[in-house]
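Chains as they are written, first to last, in this note's numbering: chain A, 41 to 448; chain B, 41 to 448; chain C, 41 to 448; chain D, 41 to 448.
A couple of the hints might just be wrong.
Copies of the same chain look alike in the list, so a pair counts if it fits in one copy or across any two.
What the hints assert, rightly or not - Mimicking DMTMM-like on lysine to aspartate or glutamate, the simulated pairs with C-alpha atoms at most 20 Å apart in a straight line are: (1) K368 - E289; (2) K387 - D424; (3) K433 - E343; (4) K387 - E343.
Honestly, the hints are just simulated from the structure, not real lab data.
Protein chains: 4
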Amino acid sequence: MTPAPATARAADLARRIAAFMEAHVYPAEAVFERQVDGARWKPAPVMEELKARARAQGLWNLFLPPSERPDGLTNLEYAPLCEIMGRSPLGPEAFNCSAPDTGNMETLARHGSAAQKEQWLNPLLDGTMRSCFAMTEPDVASSDATNIRTEIRRVGDHYVINGRKWWTSGAMDPRCRIALLMGRSDPDGPRHRRHSMILVPMATPGVTVARPLTVFGYDDAPHGHAEVAFEDVRVPVSNILAGEGRGFEIAQSRLGPGRVHHCMRLIGVAERALETMCRRAVSRTTFGRAIADHGVTRHWIAESRMEIDQVRLLTLEAARAMDEHGYKAARAAIAMIKVAAPNMAQKVIDRAIQVCGGGGVSQDFHLAYAYARTRALRLADGPDEVHRETIAKLELARYQNPPPRPNG
Amino acid sequence: MTPAPATARAADLARRIAAFMEAHVYPAEAVFERQVDGARWKPAPVMEELKARARAQGLWNLFLPPSERPDGLTNLEYAPLCEIMGRSPLGPEAFNCSAPDTGNMETLARHGSAAQKEQWLNPLLDGTMRSCFAMTEPDVASSDATNIRTEIRRVGDHYVINGRKWWTSGAMDPRCRIALLMGRSDPDGPRHRRHSMILVPMATPGVTVARPLTVFGYDDAPHGHAEVAFEDVRVPVSNILAGEGRGFEIAQSRLGPGRVHHCMRLIGVAERALETMCRRAVSRTTFGRAIADHGVTRHWIAESRMEIDQVRLLTLEAARAMDEHGYKAARAAIAMIKVAAPNMAQKVIDRAIQVCGGGGVSQDFHLAYAYARTRALRLADGPDEVHRETIAKLELARYQNPPPRPNG
Amino acid sequence: MTPAPATARAADLARRIAAFMEAHVYPAEAVFERQVDGARWKPAPVMEELKARARAQGLWNLFLPPSERPDGLTNLEYAPLCEIMGRSPLGPEAFNCSAPDTGNMETLARHGSAAQKEQWLNPLLDGTMRSCFAMTEPDVASSDATNIRTEIRRVGDHYVINGRKWWTSGAMDPRCRIALLMGRSDPDGPRHRRHSMILVPMATPGVTVARPLTVFGYDDAPHGHAEVAFEDVRVPVSNILAGEGRGFEIAQSRLGPGRVHHCMRLIGVAERALETMCRRAVSRTTFGRAIADHGVTRHWIAESRMEIDQVRLLTLEAARAMDEHGYKAARAAIAMIKVAAPNMAQKVIDRAIQVCGGGGVSQDFHLAYAYARTRALRLADGPDEVHRETIAKLELARYQNPPPRPNG
Amino acid sequence: MTPAPATARAADLARRIAAFMEAHVYPAEAVFERQVDGARWKPAPVMEELKARARAQGLWNLFLPPSERPDGLTNLEYAPLCEIMGRSPLGPEAFNCSAPDTGNMETLARHGSAAQKEQWLNPLLDGTMRSCFAMTEPDVASSDATNIRTEIRRVGDHYVINGRKWWTSGAMDPRCRIALLMGRSDPDGPRHRRHSMILVPMATPGVTVARPLTVFGYDDAPHGHAEVAFEDVRVPVSNILAGEGRGFEIAQSRLGPGRVHHCMRLIGVAERALETMCRRAVSRTTFGRAIADHGVTRHWIAESRMEIDQVRLLTLEAARAMDEHGYKAARAAIAMIKVAAPNMAQKVIDRAIQVCGGGGVSQDFHLAYAYARTRALRLADGPDEVHRETIAKLELARYQNPPPRPNG
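Excised from the complex, chain A in its bound form (with noise of 0.2 Å):
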């Protein structure tokens, strides 16, 4: 059950999109693994060729909002498209709508100086570079973000930054050139005040790529999830983002939207999956029937088909809730999608992997690899227990003040 899309251009894009990934990005899928298998760390040319072909056709940078650019898509629009991108490993990237480059190209246009747009977001907004965004550390519990202990100093007109950076995504890239970094700049400051935002070119000498993370067996080439390492980084003051102590708050803004899209993504992961259980269904027989015609496997397409309208309804609600309310009171909301959403994508996917037999966890089809992504996303941004409290929280608001009325 998909609600049509909310306005007439998003339904438009939606068609246009989905056409291109029939056309282009699917295809693509095989030579991008050829290529990247052929040379690890650099960037696979089929990918370069997928993205100026979207850009031609327009079908480009469609995440900024209309807080952003003129003619934005709100994040109800732009929602049904991450879906449909989010089909493909290669599907965001090619329309220069993927993570963490969103959601730094974002908080650039929203924060940074005439000099940091003209030198970073220009070339993001162009896709002719990368970015990543050096925030979890492999030291301290980063799910509460005050935890993050990297030192950002003042030394005269420059900072020195020290600390050790993991799961930084996309940092393995040669194409990547510049770090949002998140950093403790005043330790005995108010809590929600102590941290800093800063941009570290990647080639500044003492930042040390250090090696790749691999995410069940994946490395994520040549996009890669870095261990990084900074050892007396020096940068200009000028690249700290809006001001010295706003990391929190701008590592906050980011979250929102951020988590719609990746929600979106997994329920383009999940549709993409239940197509692949139900097409090996039909076409492979067992035991004298279409494996099909067995009731478990039609008890699974239902729970998978229930599963998955019933998240993308919520991550719609969300996406509407942020339009017409803001982050702050949308924040149950994301925070539930956050949770519903890899859990979901995860009982969906390990049910096409069964369907699908011994191939199924194999480099022969997408599941395996789409059911490592989906479970790290239970982890990554916080784990479903951080978003369970703030569900449970908000729930439980209700009912502290008034006096209790215990049986209900």
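Take the given structure of chain A and dock chains B, C and D to it, following the hints.
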């Protein structure tokens, strides 16, 4: 996340019904129980008081669709009202919006002759009598309506009816004066033309209310779920509804709205269970902490909030689809809510019981009774499995004609 | 997979009890129900017939452990007998092996004075009277026994008791003549020495059986779960059990065997539900196939078989551990079965209900009643959460002293 | 709750193997990974060192049953050893107890000719070569062995083999010198006599190791899961095992012990995951509390402990049944563990990942790799569904002949 009602008049009705529930319905629950305990199969006076009051406020017969009443509410408008009424087992009847009368009234309005309407529809709309729907049979799997075996045989100017029904809800109530009975009038006719629907006054000789069935120990008095025997019951031919052979078609047309109503009521039931869980959690201390401060309770509250909100959105979407495209186009959506709503409510209530401790399974909370009624709805009107089968069939149909593409 | 009974005499008893169940107990179920429906809070004559017959066959008081009776059965020997008896709600009492009398008899045997044994233990062993255990209180979280607030105050040669108990099972039965009551005798004493256990004849002035509690809609007559008020109840000092301050210790010593018995009975309940599910599945046809040929039914049957067998093995292992190493060493195992058994049985019965259709929730099958009793056992004698906490605490203790090795 | 090993020698071996794991195997894991990363499809020197050391200590070839070696261990004795070895991916091979060689060695011991034993069994027992088992085919549902299509055609004194196999584990390893291949030698023979098992030296012309399959993103080097093409491969007729037409029978006889071994290893995997979860939980703080003090973590730990202990008991019971009554009588038990063990381990590992945060999905913990291998075991050697079907069939058979008794 409750979306705003679809229209201003729906919002206004929602406010008024919620206020009525607070002021009159919840306080009546204990009174009702005492009155029924005192006189098991007699109508409770407090219910007649509620009805009079609701009618006086114009909160009456809201279920009638635009097709049957010029200012009727759409399914999308009516759904949220249903949710509020459904919070109490007394709610729907108080507003003359309770099953099976609503379905029977719609059926009479749509298919009844002028005389039938005069005799039966009007007093039902007035709330001065009640009705039952004699469909399910103990000896066949009634989830497939074409299995119904009760015989309707024409003999001169009469039909003679022989058979045995059960789960005939409401038949124990002395106010119940008419049964809409589904039976087989043409055993050799085409599969979907074999059955007819006929009006059988409960006072007709040969109609015997054999016994009340219980649902987890509850008899639902004074309403009751009856086993009813029909032995050589003779009614005039004019009692047929719409014409011989139209039973299956009439039964189908009842289903869509009826399921949306049931599901929305279940959402109300689940919301109230969650509310009870939260109130208990903040008011009771175990092992030195409020139950609300135990991590597992918070986990359950978060899960419950997510599950309820998702099913509500799905149900509203089904209502919208039915309003816009008709029952047939919405049948996947309707099958989905018929599975999703009771399963969701069952989980939420089970958690609420656990949080309430021993009291949760007793008469001191509304939870065990809510659980019993909810569990029965995974069987009533087709078990989960039948509806999952519908969903799977529609999903697979998308892949069964085009050539399969196995690896997705 | 039922392992062979541990000894030849256990195997012999198992055979004889199973035969007795087939010949006498199952056929008595409908009779019992009719008799109780006719006279709600009176003992059913059929039960007394069963008891006489079982006693005549030597199938009597089998629960007594070797410590209390030279030829007593070990927990490992008794467990499989409990399973068989537990298949019917009438089974345990028929063999004079039903709660709470078994625990009360063990307690009297172990801690009672000669006079107490003479007066109360002997008629209990003879099955000529019954008893109750007044522990849980409505106003405190009784899962932590140290919360118990009922006051036992010494005044001269008497104790004066004031407090309110509920879930005092058996107290509704006119045959119930004695309560073992737990109360607080020394509010300022050390935490585990504050409470005492005392014998309170039900006929003592000030003892008021206030009302029966229901479990879902069942009142469990004539046994019943009572709320009991104790107002200025005076009993002679000689009624104390074992001595002042030993209440907590006595309560603890009841728990181990009691839980093993409960869990084994639940396994019997689950086995019978699975049997009912299978019998129904092979005898009923829907959509042109036996229910047994629907894939989802087969899935449920397989899952049920696996779950039952696992919990049985776990429970037998707990029994063995208790026999060999005592209650304390076996407490992780006992906590595990207390969680695992009712949760397993709840799932199995729920599936059986679904397979049986509408009838499954009614009085026509034993399932809804079995469900209600099973669900209550996730709360009785400590909710799941308390026992999971015990398990987690013991597990984590293995890692909390040695220096942690984070990456395993 | 780990029951004591069945015999004194098993207890002694358990102690020695556990000590060896601590002293040598766990520390070798990182070394192994580095060596394999450096030379992907070459044997890692550290493994040869482990093997030499284990052999020197007499911890070698423990899998051989009494039928093949006078002092062989029973399944019940060997099972707990398997669990300990299975804690590390390096464990089984270190003790020359790893699949598929164990199954191949048993098969050769039981069905091989003297010459075959001399040439292939002896070096396998010595650990100087490895072997593979070429059974599963990409184009058919191999869960039903009678579907196997690879052709074994007799031409004079040779058999000529044509077909394609995949998931031929170990075939990528340069030490792998022999394949036991299952193929169809008599397409028109009776269903269970159509297939033969034959020895195919990997160096035979026409054998092409086409590519490694990945399991999620892991290639399991240097072992590897290969797709292997057999094109006009000629081997002498003396290479047949046991005789033409006995393939199905030989394949069956491998299954029982193999499954018990796999399941016990999975229990080791799950135990280690639980250990990792606990160690992390006590050593890491989030939101001001040790993760171990969060209620949901404790819930997971308790659930994991219960699930592991239940599956272990079930697996030991299956081993005992197989020892006492043979494979056929134990087949319900074996089907049960084949479903229960990987599903249990999958859940436990998933929770451990969640507790370990981002690191949990990476190479820094053993968890993601363990997850991938475990997930594959829900498909390898027959998917869950096939084994559930076996369980259901055996369960239903108890009710299909006697007249059904519907209401239990």
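Hints and how they fare:
When the C-alpha separation of K368 and E289 is checked against a cutoff of 20 Å, the pair qualifies only within one copy, where the shortest distance is 12 Å, while the shortest distance between copies is 50 Å. Proximity of K387 to D424 under the C-alpha cut-off of 20 Å is found in both arrangements, the shortest distances being 15 Å within a copy and 16 Å between copies. For the homomeric pair K433 and E343, the shortest alpha-carbon distance between copies (12 Å) is at most 20 Å, but the shortest distance inside one copy (29 Å) is not. Proximity of K387 to E343 under the C-alpha cut-off of 20 Å is found in both arrangements, the shortest distances being 10 Å within a copy and 16 Å between copies.
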